[in-house]
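Q: Protein chains in written order, with the numbering used here: chain A, 1 to 220; chain B, 1 to 220; chain C, 1 to 220; chain D, 1 to 220.
The reader is advised that the hints may include incorrect statements.
Said to hold, decoys possible - Computed footprint of chain B on chain D; a stretch qualifies when at least three of its residues, placed anywhere within it, have a C-beta under 8 Å from a C-beta of chain B: (1) 96-102; (2) 123-132.
What the hints assert, rightly or not - Beta-carbon label-pair distances, calculated as ranges: (3) A/R42 <-> C/P48: 15 to 25 Å; (4) B/F206 <-> A/R42: 27 to 37 Å; (5) C/G121 <-> A/A119: 29 to 39 Å; (6) A/P60 <-> C/Y124: 38 to 48 Å; (7) A/W59 <-> B/F206: 24 to 34 Å; (8) B/A91 <-> A/H47: 44 to 54 Å; (9) D/R153 <-> B/V159: 27 to 37 Å; (10) B/R92 <-> A/P60: 29 to 39 Å; (11) B/V142 <-> D/A91: 22 to 32 Å; (12) A/D18 <-> B/R92: 28 to 38 Å; (13) B/R92 <-> D/V152: 39 to 49 Å.
Hints listed in this document are in silico derivations from the structure and should not be mistaken for laboratory results. We put the CB at the ideal spot given by N, CA and C, even for glycine.
Number of protein chains: 4
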Amino acid sequence: MAADDPSGEASGPSGLADPSRVQAFSDAVFAIIVTLLVLDLRAPHTHPGGMLDALLREWPSYLAFTISFVYLSVLWLNHHALFRLIARVDARLNWANLALLFSAVVIPFPTATLAAAFAGGDRYDERVAVALYALSATPLSVPWLVIFLHLVRHPELRVPGIGDGYVRAQVPRPVIGIVLYGLSGVLGWFVSPVLGVATFVLMIIFHAATSEGVRRLRRG
Amino acid sequence: MAADDPSGEASGPSGLADPSRVQAFSDAVFAIIVTLLVLDLRAPHTHPGGMLDALLREWPSYLAFTISFVYLSVLWLNHHALFRLIARVDARLNWANLALLFSAVVIPFPTATLAAAFAGGDRYDERVAVALYALSATPLSVPWLVIFLHLVRHPELRVPGIGDGYVRAQVPRPVIGIVLYGLSGVLGWFVSPVLGVATFVLMIIFHAATSEGVRRLRRG
Amino acid sequence: MAADDPSGEASGPSGLADPSRVQAFSDAVFAIIVTLLVLDLRAPHTHPGGMLDALLREWPSYLAFTISFVYLSVLWLNHHALFRLIARVDARLNWANLALLFSAVVIPFPTATLAAAFAGGDRYDERVAVALYALSATPLSVPWLVIFLHLVRHPELRVPGIGDGYVRAQVPRPVIGIVLYGLSGVLGWFVSPVLGVATFVLMIIFHAATSEGVRRLRRG
Amino acid sequence: MAADDPSGEASGPSGLADPSRVQAFSDAVFAIIVTLLVLDLRAPHTHPGGMLDALLREWPSYLAFTISFVYLSVLWLNHHALFRLIARVDARLNWANLALLFSAVVIPFPTATLAAAFAGGDRYDERVAVALYALSATPLSVPWLVIFLHLVRHPELRVPGIGDGYVRAQVPRPVIGIVLYGLSGVLGWFVSPVLGVATFVLMIIFHAATSEGVRRLRRG
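Using the sequences and the accompanying hints, generate a full structural model.
A: The structure is reproduced here in structure tokens:
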């Protein structure tokens, strides 16, 4: 490095950073969100003998907890697979990753709202909660799109041996995410809240199935 | 890697991942659950001079905190020892590990319910709480069974030098867990809640004693 | 090492530590603060049909959450860039880093107070909240100043190739922080709370723009 | 390893583990406790114009937060320095470390109780809170004693070059901790609560000053 700057005066760190610290930070964020979810499961305060009823009445919390945990696990698996492609992190990848973490950190909020709405049983509230969930989940796919497009254009950020074709084949994944999450919000609002939720679950399964990345169908 | 795919077009990352990130994520989850437990210990709000009584009245919270901390520590020690066997993580190990973390993240909830039931003193509530605890703890052993059986069948995922016999000798550990946790639930519900809790404590001691893995009794 | 101390009796670890554990600890702290912010976003408890109104009424929480997340992300990016300069951590750097983390951990508190004050709409409360924010944010820059000045005087703590000029060029950044945060508090108290908040947002943008470090304008 | 067990059947992992995962887990626990402390600082809910009074009335929370943060930071610095001596972790070190983390995780609880007692102003409550604090802090030194004594007897667990004399010189540190914390509880209960608190602050300063380890006074 000193060789780059013979004066040895103004030389700073090189522009590209090692991804390990970004990964460790992201891992910690995912681990914390996943674990904070349990704070919504609380020992019920009831009159003597009322424990069973009190526990059973909280079923939407258990469902919301399970769905959130699975969703965040799937996100983490996707993130894990993503960083197996990346050798260097530049400022744009760093910011896109922070945007991705922002969307992930938010998830417990619309999930809890969805659980509260379905526990309440009011159809208008359910439509509002489904729309809120779609509004939160749709932008989550944007940083993924930014990252994959950036990796297509900058092979120098990739782990050696990761081909252009493979990276390009990942681009449709976040696009499908944006379109389908948006659609699920529209369906949930105009047609049926349950249909909206069903589309969310479908999206989580889709993200789980493609978490290790997709290969192109035609021969390389 | 480029050598594997001369076209350099569609090549993605290799299928098997380094376990270090899975470990770091799991460590963070364990560290967070263990630490969140303290949120259930709160400075009591009392009338002047009532601090001592208020503190003493909260004894079931202290007991629940201590048992949960020990249990989660034992789980972490087991996890720590497990990952000393694993050199590569495939998708099935990753999912089984997430299922394991799910069961661990849940633990504070049945523990707090157990404390609340015994503080309340209603026998029916205690039976419900013991059953809930058994229901939560029994499935915790399933991912351990899946992982050990998977490692038996896939020596290529193991650290070099870890023998078949050693891995096979670990399989009965989660089976004992499933049977005894189930039994403790049945005992707690039909015979006596205190007996159920005693069986839980016994199970934690068993898991502590075998956390470093067991060796086969007969000669290799 | 034994060679340094032929008696082999009193030799302890060398005085300078590897920065990786300090970094990992700091990363975890940043990850946790950023994630804990979501605890202030709660599913609203309302009468049936009141979900939308209840959600909309909470807008200052969303704004406070977003600003805090961005601010802490920017701090983490700055910290990330800082540790790319550091090869060894001595006791003073360790303490300065802990002071830095202290100021970062505090941030959610003045931010939430600011949100509460603007939601309440009382002008005196807004002035108090802006002053509290400035009081919390101004000392945050002090450990940065201590660290950069310490790195100027101790090249042996720096990664090889990081020049004196580069490190010296970073010193004005925390000085600007101290002056402008102090100014924003004065403006917010004596002139207008909104002007104070605007200056805070400006400061976050300034820290974001300079997170990768600044280069000297004149030629090295 | 396969060489140790020609049959390749029953060979398990070697008994001594790498300390890096134990360190990472401990770091995460320290980072989380330190950060959770901020949850006790909450934006006050007051009538319009009452923000300043409400903020000022919470001064014991700010003091408790600051003391807890400094104390846990000092503990982490001590832990950090301890692990620079350790090359291998056996089962006893692992358990002692978990006991150490248990005592650290508990700290926010007696600290908050102390703050509540002094805010309340009842002298009997203050004595109770000081005794609780001493009861919580005294056992914290026990695992440190166990660890240093274990390292004296097992040089093979130490980083090469760490001499017997150096490790033996650390043994009095936790002994002083046990004696003085116990004394502070006795003083706080029988003489004056403020004197007890003063002794705690003294202990934190003592631990801060010796966090990097002590050297023997006489020549090696």
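Q: For every hint, state whether the structure bears it out.
A: Evaluation of the provided hints:
A count of 3 residues in the region 96-102 of chain D with a Cβ less than 8 Å from any Cβ of chain B is obtained; the coverage claim is therefore met, three being the minimum. Beta-carbon proximity to chain B at under 8 Å applies to 5 residues in the region 123-132 of chain D; the threshold of 3 is reached and the given coverage holds. In this structure the hint that A/R42 and C/P48 lie 15 to 25 Å apart at CB holds, the actual value being about 23 Å. Judged by the Cβ atoms, the range 27 to 37 Å given for B/F206 and A/R42 holds: they are separated by roughly 29 Å.
In this structure the supplied range 29 to 39 Å holds for C/G121 paired with A/A119, their Cβ-Cβ distance being about 32 Å. Between A/P60 and C/Y124 the beta carbons are some 42 Å apart, a value that agrees with the proposed interval 38 to 48 Å. Checking the proposed 24 to 34 Å range against A/W59 and B/F206 shows it holds: the Cβ atoms sit about 32 Å from each other. The given range of 44 to 54 Å is respected by B/A91 and A/H47, whose C-beta atoms sit roughly 48 Å from each other.
For the pair D/R153 and B/V159, the supplied restraint of 27 to 37 Å holds, since their beta-carbon distance comes to about 29 Å. The beta-carbon spacing between B/R92 and A/P60, approximately 31 Å, falls within the hinted interval of 29 to 39 Å. Distance hint for B/V142 and D/A91: a CB-CB separation of about 26 Å, consistent with the stated range 22 to 32 Å. Separated by about 30 Å at the C-beta atoms, A/D18 and B/R92 satisfy the suggested range of 28 to 38 Å.
The hinted range of 39 to 49 Å is satisfied by B/R92 and D/V152, whose Cβ atoms lie roughly 45 Å apart.
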